[in-house]
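Peer 1: For the record, the sequence lines run as chains A and B. Heads up: the first sequence begins at 1 in this note's numbering, then just goes up one per residue. Heads up: the second sequence begins at 1 in this note's numbering, then just goes up one per residue.
A hint or two may mislead.
What the hints assert, rightly or not - Taking lysine to any residue and the SDA-like style, the derived pairs with C-alpha atoms no more than 20 Å apart in a straight line are:
#  : chain 1 : residue 1 : chain 2 : residue 2
1  : A       : K699      : B       : K156
2  : A       : K188      : A       : G572
3  : A       : K327      : A       : L343
4  : A       : K289      : B       : E31
5  : A       : K289      : B       : Y3
6  : A       : K592      : B       : K156
7  : A       : K243      : A       : N267
8  : A       : K289      : B       : V60
9  : A       : K289      : B       : A18
10 : A       : K562      : A       : A583
11 : A       : K289      : B       : D17
12 : A       : K215      : B       : E114
13 : B       : K122      : B       : E154
14 : A       : K433      : A       : H408
15 : A       : K215      : B       : A76
16 : A       : K215      : B       : K156
17 : A       : K215      : B       : A18
18 : B       : K84       : A       : P211
19 : A       : K243      : A       : A583
20 : A       : K289      : B       : T4
21 : A       : K749      : A       : G572
22 : A       : K215      : B       : E10
23 : A       : K334      : A       : G495
24 : A       : K253      : A       : G437
25 : A       : K335      : A       : P500
26 : A       : K253      : B       : E154
27 : A       : K301      : A       : V263
28 : A       : K215      : B       : V66
Simulated from the structure, these hints should not be mistaken for laboratory data. Just so you know, these numbers come straight off a predicted model, no measurement behind them.
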Amino acid sequence: MSTTNVKVKDTSAPRVSRRLFLTAGAAVGGGLLLDFSLPGVAHAVTGGAKTATLNAYVWITPDGLVHIVNKNPEIGQGIKTSFPMIIAEEMDVAWKDVRAEDAEVDPVRYGGQFAGGSTSIPANYDNLRRVGAAARLMLVTAAARTWGVPVEELEAADGVVTHKGRNKQATYGELATAAAKIPAPDLKTVKLKDPKDFKIIGTPIGGVDSPRIVKGEPIFGIDVTVPGMKYAVYEKSPVFNGKFVSANLDEVKALPGIRGVYVIKGNVTELDPGLYNGLTDGVAIVADKWHQANRALGTLKVQWDNGETAKRSTKGFIEKAAELAQKPAETTVKKEGDVDEALKGAAKVLKARYEAPFVNHSALEPMNTTVSIANGKVEIWSPTQMPGGGKSAVAKLLGVPEKDVTLHVTRNGGGFGRRLSNDFMVEAAAVAKAHGGAVKLLRNRRQDMQAGVFRPGGFHHFEAGLDAEGKLTAFRDHLVTYSNSGKVAGSAGVGAFEFPAGYVQNFDLGHSLMPLDMPTGPMRAPQSNTLAFAYQSFLDELAHAAGKDPLQFQLDLLGEPKPPVVNETPRGKQIGFDNGRMAGVLKAVAEKSGWGKTTLPKGTGLGLACYWSHAGYFAEVVQASVNPKTGEVRADKVWIAGDVGRQIVNPSPALNQVEGSAIDGISQALGQALTFTNGRVDQSNFHDYPLLRMHQAPKVEVHFVMTDNNPTGLGEPALPPVVPAFTNAIFAATGKRVRTLPINTAELKGFA
Amino acid sequence: MSYTINVNGEPRTVDVDADTPLLWVLRDELELKGAKFGCGMGVCGACTVHINGNASRSCVTPVSAVGDAKITTIEAVGQSDAGKRLQEAWLALDVMQCGYCQAGQIMTATALLERKPQPTDKDIDDAMSGNLCRCATYARIRAAIKQAAGLPTEDKREMA
Numbered sequence: 001m002s003t004t005n006v007k008v009k010d011t012s013a014p015r016v017s018r019r020l021f022l023t024a025g026a027a028v029g030g031g032l033l034l035d036f037s038l039p040g041v042a043h044a045v046t047g048g049a050k051t052a053t054l055n056a057y058v059w060i061t062p063d064g065l066v067h068i069v070n071k072n073p074e075i076g077q078g079i080k081t082s083f084p085m086i087i088a089e090e091m092d093v094a095w096k097d098v099r100a101e102d103a104e105v106d107p108v109r110y111g112g113q114f115a116g117g118s119t120s121i122p123a124n125y126d127n128l129r130r131v132g133a134a135a136r137l138m139l140v141t142a143a144a145r146t147w148g149v150p151v152e153e154l155e156a157a158d159g160v161v162t163h164k165g166r167n168k169q170a171t172y173g174e175l176a177t178a179a180a181k182i183p184a185p186d187l188k189t190v191k192l193k194d195p196k197d198f199k200i201i202g203t204p205i206g207g208v209d210s211p212r213i214v215k216g217e218p219i220f221g222i223d224v225t226v227p228g229m230k231y232a233v234y235e236k237s238p239v240f241n242g243k244f245v246s247a248n249l250d251e252v253k254a255l256p257g258i259r260g261v262y263v264i265k266g267n268v269t270e271l272d273p274g275l276y277n278g279l280t281d282g283v284a285i286v287a288d289k290w291h292q293a294n295r296a297l298g299t300l301k302v303q304w305d306n307g308e309t310a311k312r313s314t315k316g317f318i319e320k321a322a323e324l325a326q327k328p329a330e331t332t333v334k335k336e337g338d339v340d341e342a343l344k345g346a347a348k349v350l351k352a353r354y355e356a357p358f359v360n361h362s363a364l365e366p367m368n369t370t371v372s373i374a375n376g377k378v379e380i381w382s383p384t385q386m387p388g389g390g391k392s393a394v395a396k397l398l399g400v401p402e403k404d405v406t407l408h409v410t411r412n413g414g415g416f417g418r419r420l421s422n423d424f425m426v427e428a429a430a431v432a433k434a435h436g437g438a439v440k441l442l443r444n445r446r447q448d449m450q451a452g453v454f455r456p457g458g459f460h461h462f463e464a465g466l467d468a469e470g471k472l473t474a475f476r477d478h479l480v481t482y483s484n485s486g487k488v489a490g491s492a493g494v495g496a497f498e499f500p501a502g503y504v505q506n507f508d509l510g511h512s513l514m515p516l517d518m519p520t521g522p523m524r525a526p527q528s529n530t531l532a533f534a535y536q537s538f539l540d541e542l543a544h545a546a547g548k549d550p551l552q553f554q555l556d557l558l559g560e561p562k563p564p565v566v567n568e569t570p571r572g573k574q575i576g577f578d579n580g581r582m583a584g585v586l587k588a589v590a591e592k593s594g595w596g597k598t599t600l601p602k603g604t605g606l607g608l609a610c611y612w613s614h615a616g617y618f619a620e621v622v623q624a625s626v627n628p629k630t631g632e633v634r635a636d637k638v639w640i641a642g643d644v645g646r647q648i649v650n651p652s653p654a655l656n657q658v659e660g661s662a663i664d665g666i667s668q669a670l671g672q673a674l675t676f677t678n679g680r681v682d683q684s685n686f687h688d689y690p691l692l693r694m695h696q697a698p699k700v701e702v703h704f705v706m707t708d709n710n711p712t713g714l715g716e717p718a719l720p721p722v723v724p725a726f727t728n729a730i731f732a733a734t735g736k737r738v739r740t741l742p743i744n745t746a747e748l749k750g751f752a
Numbered sequence: 001m002s003y004t005i006n007v008n009g010e011p012r013t014v015d016v017d018a019d020t021p022l023l024w025v026l027r028d029e030l031e032l033k034g035a036k037f038g039c040g041m042g043v044c045g046a047c048t049v050h051i052n053g054n055a056s057r058s059c060v061t062p063v064s065a066v067g068d069a070k071i072t073t074i075e076a077v078g079q080s081d082a083g084k085r086l087q088e089a090w091l092a093l094d095v096m097q098c099g100y101c102q103a104g105q106i107m108t109a110t111a112l113l114e115r116k117p118q119p120t121d122k123d124i125d126d127a128m129s130g131n132l133c134r135c136a137t138y139a140r141i142r143a144a145i146k147q148a149a150g151l152p153t154e155d156k157r158e159m160a
């Protein structure tokens, strides 16, 4: 499937704002509201005053437009389009009559409302179909009662109910008020469509907000304007959690446009491995305009007490990791058989060290939030991936009940996991409290780059044995990684099921920790984005050492398909790794890329890798070319085969996510690294932290392998394998193995 | 200081400091939020506007340097033929993911098509390489530019 050949349905139909509807709805006194409280209670209520307090996914206005709520944050993954598509499909409404609406933030009524872990589709696909089917049944039942006919004799299509025998027709708009009085059907037993009859699901449909974006309309967090609001920046120590000592506050206060300068005390005493919602010491500068506040940072001089964290450095971490690698792992994560004994008997033993750096999410919209505090009520506008967490953290910080906090989630100008942490929202609330009234806090790029919740790096120390036939007999990884407050830092660990765990007789996985004292957290395919590089690169090394084709080596290792392990958890069934699905995508990508069948010139090579994350199976082949004189590397093309189950809800953003993930990974491999000196991040903006640009972007060819499994998400799983596929391709092109990211092109020069 | 600048065909008077970047005049004085803040140093392209038809970084252009130049922003780019065709192509190919950079992308692409109505892949690379897309929608941006130019949309770049 080629992304450029996607033709999407017209999205230019006019939209009705929620506010406008509420006014109109009150005036006409009705409409259909379908209340859907997870895990499965539905009942209809009439519109009007009650609507404000009820949880509704669907309402129909008398003009026949069907308003469908998207409950999760839109971060570019297309969920504001895909969720309403799912409901609209089962409702039998024409897409042109659908208006996507933003949800209020209310986890009690909507269940989980967040954009993370590629979970939106797997956690909601079935439920939202049921919501749509229930709404349809209520409308059809209303028609049946009106006409005095059995429900079974009616058909519905494109928002019109028809009784063929009596030649009767009614639109959903005409039936809505009557339907709202019908008791909601049981969501568990409501009948769902046969997927072969889908008209909307599976059709490429353009983003519902896109017509506004191409005209520059204000829909991002940074665009929010509240009457009377001031603008703020919040300057913290360049060393995480540095304590404020003194500053030239009076000098800053005297600058043009400055309305207030405040020292704010932080509350971070330890770092939990979970999402970071902390507040650290800082100086808030509030001004009439953001430019004035930001400019004042040039005058502000603060003395910080930075403590032990000022001793942290990249150089120090590398030295410490080398020291720890000499000792046994401090903690065993998984142990099977006897690796040492197996290595003694191995025909070949390979050892390798792999290193991944810290990286920044670098969403293009810098972290920002607008907060208004008046009469004990707090109103927030924020581009956040995790609204519930932010709302709670703000309520706690300000000492107000959560019911007095209203949070409007704006479109996110990129998420990538950064906005799962709500530290920026908490800062905005602290500044608004200090100054009073309404304040928009916006970080400049330096602050955004350096006050991150970083993707942690790590150091893998591998040791593996092959027998005389080239079969893997022993595998060890000692991961030296980071800790915060004595625990493995957020997204810095490795799990017991890391492949090839369970596929090699003798397996030993452990970790040792180095204190970090800086927040780390999920970034697109957390953990997987570094683990795939290390593991899939080392497996490629083993394939070459075994004298086998890397594809065949991986297929041999996976072996015959066997049913995945299923664990019952409080949140439902958790399905383990399915080796058959992995082999399926490997074979598919090999076929599409011409693996093993093409002859490439010296300096150009193909690399292969696969990875399972976020329930998605992805195998990818990269063609890389390396300039022998300069060592300059480019990814020419990426072939991707992905298996996310039996249904792609919206192929247009699906392809966009897969392609974007692949290029994201290439971009990281080419040049992204945060380094630390004296506890400070050395990089500050896109001149020294380069993101991939258009002329560097590879062509990407995506193929979905359809299997009879529940549909799963696409925001993340295509990223992890692209990095090792790229570096494995560099090995194929040059004979030089990339074991440290980002790629050091100087080391690739002059290959023969 | 008071400055009168020509924005989207109209004279607009603002009272700001001389060093105020044009971006912040547009966003915070004139409530034109289409141009975006990304880096503040002219390296990401999210703030791109036209100054006398040239794609320019408004975040590093002080208002005092604007003079009587004609400024066009994303809010008015659809009034030009190329701008309108690009907006339509952007929607037809569903280019965007998060969308934050796309106003800047469209502004740069419009300046390109106005200068070179039938761009090659190399022309597109040269013109667009100053505009970052963190979501990496580059293939669709390329295709949308070609579609707006009436060219076949496939990527004809040579592989090594």
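Peer 1: Decide, hint by hint, whether the structure agrees.
Peer 2: Hints, verified against the model:
Of the pairs offered as hints, the one joining A/K699 and B/K156 holds, with about 10 Å between alpha carbons and a cut-off of 20 Å not exceeded. This hinted pair checks out: A/K188 and A/G572 have alpha carbons roughly 15 Å apart, not beyond 20 Å. Restraint check for A/K327 and A/L343: satisfied, since their Cα atoms lie roughly 18 Å apart, inside the 20 Å limit. Note on A/K289 and B/E31: the hinted pairing holds, with a Cα-Cα distance of about 12 Å set against a maximum of 20 Å.
Between A/K289 and B/Y3 the CA atoms are separated by roughly 16 Å; this keeps the pair inside 20 Å, and the hint holds. For the suggested pair A/K592 and B/K156, the alpha carbons sit about 19 Å apart, so the restraint of at most 20 Å is met. Straight-line distance between C-alpha atoms of A/K243 and A/N267 comes to about 11 Å, which keeps the hinted pair within the 20 Å bound. Straight-line distance between C-alpha atoms of A/K289 and B/V60 comes to about 17 Å, which keeps the hinted pair within the 20 Å bound.
Proximity of A/K289 to B/A18 is assessed by CA-CA distance (about 14 Å); at most 20 Å being required, the pair is judged to hold. Between A/K562 and A/A583 the CA atoms are separated by roughly 11 Å; this keeps the pair inside 20 Å, and the hint holds. Between A/K289 and B/D17 the CA atoms are separated by roughly 11 Å; this keeps the pair inside 20 Å, and the hint holds. Of the supplied pair hints, the one linking A/K215 and B/E114 holds, its CA atoms being roughly 18 Å apart against a limit of 20 Å.
A hinted pair counts as satisfied when its Cα atoms are at most 20 Å apart, and B/K122 with B/E154 qualifies at roughly 14 Å. Among the hinted pairs, A/K433 with A/H408 is consistent with the structure: their alpha-carbon atoms are about 18 Å apart, no more than 20 Å. Of the pairs offered as hints, the one joining A/K215 and B/A76 holds, with about 8 Å between alpha carbons and a cut-off of 20 Å not exceeded. Between A/K215 and B/K156, the direct Cα distance comes to roughly 29 Å. Violation of the 20 Å bound is thereby established for this hinted pair.
Straight-line distance between C-alpha atoms of A/K215 and B/A18 comes to about 29 Å, which puts the hinted pair past the 20 Å bound. For the given pair, B/K84 sits about 12 Å from A/P211 by alpha-carbon distance, which is consistent with the 20 Å threshold. At roughly 53 Å between alpha-carbon atoms, A/K243 and A/A583 are farther apart than 20 Å, so this suggested pair is violated. Between A/K289 and B/T4, the direct Cα distance comes to roughly 19 Å. Compliance with the 20 Å bound is thereby established for this hinted pair.
Distance check on the hinted pair: A/K749 and A/G572 sit about 52 Å apart at the alpha-carbon level, beyond 20 Å; violated. Proposed proximity of A/K215 and B/E10 is supported: the alpha carbons are some 18 Å apart, at most 20 Å. Annotation: proposed proximity of A/K334 to A/G495 holds, straight-line Cα distance about 8 Å (limit 20 Å). Restraint check: the Cα-Cα separation between A/K253 and A/G437 comes to about 19 Å, which is no more than 20 Å; the hinted pair holds.
Note on A/K335 and A/P500: the hinted pairing holds, with a Cα-Cα distance of about 12 Å set against a maximum of 20 Å. Between A/K253 and B/E154, the direct Cα distance comes to roughly 56 Å. Violation of the 20 Å bound is thereby established for this hinted pair. This hinted pair checks out: A/K301 and A/V263 have alpha carbons roughly 13 Å apart, not beyond 20 Å. A distance of roughly 23 Å separates the Cα atoms of A/K215 and B/V66; the hinted pair therefore is violated under the 20 Å criterion.
Consistency note: the structure conflicts with the earlier hints numbered 16, 17, 19, 21, 26 and 28.
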